[in-house]
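Construct the complete structure from the given sequences, taking the supplied hints into account.
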Amino acid sequence: MGTAVSAPLRAFITEGMCALRIVASCEDFEWLYRCPEGLNCNEGTFKSYDCPVLDWQGPNENGQVWHEWETNDADFAILNSKDGDMTIIQGISYRVIVNHVKNGLEIKMTIMNKTNQTFHNVMGVPCLSARSEQFTDTDMERTYVETASGLTLLKDTDRGTGEKCRTHYHVEGEATNQHPGEWYWGERSQTTLVSGAILRESLDGQYTIATSWQRVLQVKDNQDEHACIHSDFCFGDLEPFETKSVKGRILFIRGDAAAALKELKESL
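Per the numbering used here, the sequence shown starts with residue 1, numbered consecutively.
Worth flagging that the hints you see were computed from the coordinates, not collected in a lab.
Source: prediction; values computed, not measured.
C-beta atoms are modelled at their ideal positions from N, C-alpha and C, and glycine is treated no differently.
Any given hint might turn out to be false.
Stated by the list, open to error - So the derived label-pair ranges between C-beta atoms look like this:
hint : residue 1 : residue 2 : range
1    : Glu27     : Asp139    : 19 to 29 Å
2    : Ser81     : Asp139    : 36 to 46 Å
3    : Glu68     : Lys155    : 36 to 46 Å
4    : Thr115    : Ser149    : 16 to 26 Å
5    : Lys82     : Glu187    : 17 to 27 Å
6    : Lys102    : Glu133    : 18 to 28 Å
7    : Glu225    : Asn116    : 14 to 24 Å
8    : Asp139    : Asn72     : 38 to 48 Å
9    : Thr118    : Lys262    : 36 to 46 Å
10   : Asn42     : Arg131    : 10 to 20 Å
This is how it looks when you write it as structure tokens:
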């Protein structure tokens, strides 16, 4: 499969499921990154976590990897055949590009409304799942979000009504997610965040992995076997035939969460 230029994080193409294998070049750390794992708006769901199955392309001469997709009748039929109460809709195309940059990866997602109707509160769900024990955190003692009080450990936040190992947080100033998946995530945390950043320090305290986007609607974490963190980007309303883009970062540094948050904000 493909790889890219030398960098603190390297993205390797895998097969299917919109997944990239991300490896830290300085240590034996690994993550699985799916972007977008889901894509929806107030009117319904365009893409679920397991359909369609898409492969990343590249890398090109600049080290970029990418994939793209447009809603279509075949995928629409598959999505509608699955169990669940999702309202499946069509009408968009998107492209995701990943660049290797200083201290991590830059992700850009561009979406286009292909219809004459407005899609409201369009949002995507990227998933960064740890595959190395150094970046699991079942006790929630090394994973941080940003509240009005500053960097806050997950164990010191309200964990909503679902299983303690997972919850979702609203980011102030953004619309409320109309499809929160409460059957899995429970009702959202009563802790409100002031940014879309979520950061995790390694078990030995030497490194931090962090992610955020220019605009984030909600942050999620799941400390079961997936060991994943989510900074769910949003576009707001997408008018007929309108195209919008949003950029995000995955940051990996030698240092603590405070240093990572500062650099993450500067990069966005």
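Structure-based check of each hint:
The given range of 19 to 29 Å is respected by glutamate 27 and aspartate 139, whose C-beta atoms sit roughly 22 Å from each other. With their beta carbons about 40 Å apart, serine 81 and aspartate 139 fall inside the hinted range of 36 to 46 Å. The beta-carbon spacing between glutamate 68 and lysine 155, approximately 39 Å, falls within the hinted interval of 36 to 46 Å. Between threonine 115 and serine 149 the C-beta distance comes to about 43 Å, which lies outside the given range of 16 to 26 Å.
The given range of 17 to 27 Å is respected by lysine 82 and glutamate 187, whose C-beta atoms sit roughly 24 Å from each other. At roughly 27 Å, the beta carbons of lysine 102 and glutamate 133 sit within the given window of 18 to 28 Å. Between glutamate 225 and asparagine 116 the CB atoms are about 44 Å apart, so this pair departs from the stated range of 14 to 24 Å. Our hint of 38 to 48 Å for aspartate 139 and asparagine 72 holds, since their Cβ atoms are close to 44 Å apart.
Here the CB-CB span from threonine 118 to lysine 262 is close to 37 Å, well matched to the stated 36 to 46 Å. For the hinted restraint 10 to 20 Å between asparagine 42 and arginine 131, the CB-CB distance of approximately 34 Å leaves it violated.
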